[in-house]
Amino acid sequence: MNTIALVGNPNSGKTTLFNALTGSNQHVGNWPGVTVEKKEGKVTHNDTEFNIVDLPGTYSLGAYSEDEVVARDFILKDNPDVVINVVDATNLERGMYLTTQLLEMGTKIILVLNMMDEAKAKNIEIDIKKLSKNLGVPVVATVASKRKGLDMLLEESISYINKEANQRSIKSYGDYMDKEILHIENILEGSNFDYPKKWLAIKLLEGDMDVLNYIEKNVQKDNFERIKNITGKSQDFELEIVDKRYEFVGEIISSSVVKPEVEKVTLTDKVDKIITNKFLGLPIFAIIMFFIFQITFVIGSDLLGGYVATAIEMFGEFVLNLLEGLNAPELLTSFLVEGIIGGVGAVFEFIPLIVVLYFFLGILEDTGYMARAAYIMDGIMRALGLHGKTFISMIVGFGCNVPGVMAARTLENKKDRMIAILINPFMSCGARLPIYLVFIAAFFPDNGGVVLFTLYVLGIITALILGKIFSKTLFKGESSYFIMELPPYRLPSFRVVIRDMWDKVWDFIHRAGTIIFVVISLLWVLSILPLGVEPYSQESILGRIGTFLAPIFVPAGFGTWQATVSLFAGIAAKEAVVAILGMVYAGVSEGSQLTLALQSVFTPLTAISFMVMTLFYTPCAAVLATVKSETGSSKWAIFIALYPFVLGWIASVIIYQVGTLLGF
Amino acid sequence: MLKNILKEINTAEIFSKPNISKNLNISEEMLESGVEQLVRMGYLMEEMGSPVCESKCKSCAFSRCSTIPIRMFTITDKGKELIQ
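Line by line, the protein sequences are chains C and F.
Residue 160 in my numbering is what sits at position 160 of the first sequence, and the numbering runs on without skipping anything.
For my numbering, add 664 to where a residue sits in the second sequence, where the first one is 1.
This is chain C alone, in the form it adopts within the complex (with noise of 0.2 Å):
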């Protein structure tokens, strides 16, 4: 039986046209001592039995990979009758370089241009028979996944397998490498070996350890010693080769391929020139940002806030008559109304501008805009001695500083690393956003977008500041530096915007119903007792911790038990600060809602030293147990527990005595 392996980089169709010839016919198993996946079928076409077997997808026949060294090992022992080599029709430059190599081995092959509809489709124009008389063997043209071309390809294969190949290599690799070839082949010369003595030269001169290797145990020690001392002249050999390959691969294209022209300089590449501009680029950036934190306040807050606040005051009106209709204990009402009702819904009020910021967040995402920013503020965090990857783990920290702290991981460098894990508490997560919409809309009705996108701001700016500060205290070092290729624009796709969006929303709601749901239940069972108190007093456990605590931030203006004691249960999670307030200060106020509430006891000043706290003060018990993990030290879970607090106290400490100096 004739046996033909299918070869090709990963993607060309490779497997589909596989699947094609074989259809069921098929089995699959193991290349021996390794993990890669073996594949082989049958055929049979015009009486003629054929052995298939799909080798490994690859780009190259070197040892860099098991795939590569599977792949032209089967070729050069197991000698197939005819090699079939697979290559995208719209894509030839990439596919063929694996092309020259399997000229290079002398091996039979066939060449399959598949996806030929594709390449049509593109104006992309190949002259099959002027490539075939180029590298001197067939060529096939097929279109895998719809069955065309196949039966061409197995009459092809039938009347190759007897015929004498006449193919084409690359004829010189320039006048210096062709002689250390000869050289090294005439010393090959006298020993027999399994692979062809050019291409074993070839391969010598590109430093491939497994040839040198299968050399060593198959001639005398002085011609490998010979042998060493050439392929040891320069380190560069394997380049020389590697780019008359692609020479090769050129030339053959250029006399056998018409591409139609393509616009160098694309729409993308325009708008990149103002987007992009040294100094256009981050305030362009800015107006964007502010300009969604605006339409985020008009939209979620003026046009939806208030149908879902009044829903959920409705639906607590509605348990609390339920309740008392049913002669409820009065505990169980209270629990129900002012515990969970006023403190989880006073999370749920922000989710329509939660929906209405990440919706446009996403947005900006999908459209590529985000990279954008990621290579802006490179700029900056280069000239901070900063990766300009520590802002991507930044801007994914605006979700959720979890996935923000292990987006660091993708940072080679400790150093880089370590001071992207410590800064990225001060993005202000999903989670921060209610409690500074809740204030905001308390004290700051008509200027909430510039309120808000100051305070992230102000979170990037002591970020950056940090990093700065860290990078030569604590982790002293060079940065690696890197350059990056910016996806094109593209208009987004709102299907992956609104989905992505619902991720976020989900978790929030999530969160809210089960961590804040705990917290709450928790810190409601302190608020009660003991039992004969006045609940959510002074008096109760919750209020004696809160008002133990609570001088640590007379300095900073809200030194009451209610703020004590949301801010610290606020390290559970940060949702539980607005849920705890909700439900401290349930029917404080002449109305039940926290605004009114939070009016009564806060001042526009006090309001924004207690954000900025927020804004800074320990990170939530979920990223701290990540920056364990991640560091696998409980030393800097301990450090990014305590510095932000201390940090975040002295802001506001600041805040509040200079605002009342200046009669704030």
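Treat the hints with caution; some may be incorrect.
Here are the computed distance ranges between Cβ atoms for each label pair [to be verified]:
| no. | chain 1 | residue 1 | chain 2 | residue 2 | range |
| --- | --- | --- | --- | --- | --- |
| 1 | C | Arg147 | F | Lys667 | 39 to 47 Å |
| 2 | F | Gly706 | C | Met1 | 35 to 43 Å |
| 3 | F | Asn683 | C | Leu596 | 29 to 37 Å |
| 4 | C | His27 | F | Asn683 | 16 to 24 Å |
| 5 | F | Gly706 | C | Glu261 | 21 to 29 Å |
| 6 | F | Gly706 | C | Tyr176 | 21 to 29 Å |
| 7 | F | Asn689 | C | Ser629 | 46 to 54 Å |
| 8 | F | Asn668 | C | Asn229 | 23 to 31 Å |
Hints were generated in silico from the structure; no laboratory data involved.
Even glycine gets a Cβ: it sits at the ideal position worked out from N, Cα and C.
We have chain C; now place chain F onto it with these hints.
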């Protein structure tokens, strides 16, 4: 060609296939293939801007993580040696 690609990457601010291929007078496909070779041979390191996980397990933070698909390249010490 590969050395020139590496030099272009070393001096460019953004990895722009249209710009680099224009400067080197090669097609973008050839450039892409050349970059793959440089990565394969250890002259260049390619990575993605955000950690990528296709599993998206519900309980994992990455399931709600925004990933910014930016391809990034760093010239390795071997690469720096080559272009010096």
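Tested hints:
In this structure the supplied range 39 to 47 Å holds for arginine 147(C) paired with lysine 667(F), their Cβ-Cβ distance being about 43 Å. Checked against the given bound of 35 to 43 Å, the beta carbons of glycine 706(F) and methionine 1(C), roughly 41 Å apart, stay inside it. Here the CB-CB span from asparagine 683(F) to leucine 596(C) is close to 58 Å, at odds with the stated 29 to 37 Å. Judged by the Cβ atoms, the range 16 to 24 Å given for histidine 27(C) and asparagine 683(F) is violated: they are separated by roughly 48 Å.
Against the hinted window of 21 to 29 Å, the Cβ-Cβ separation of glycine 706(F) and glutamate 261(C) comes to about 35 Å, which falls outside the hint. About 23 Å separates the C-beta atoms of glycine 706(F) and tyrosine 176(C), a value consistent with the hinted range of 21 to 29 Å. A C-beta distance of roughly 50 Å is found between asparagine 689(F) and serine 629(C), which places it inside the suggested range of 46 to 54 Å. The hinted window of 23 to 31 Å between asparagine 668(F) and asparagine 229(C) holds, with their beta carbons roughly 30 Å apart.
In this structure, the hints that do not hold are numbers 3, 4 and 5, in rising order.
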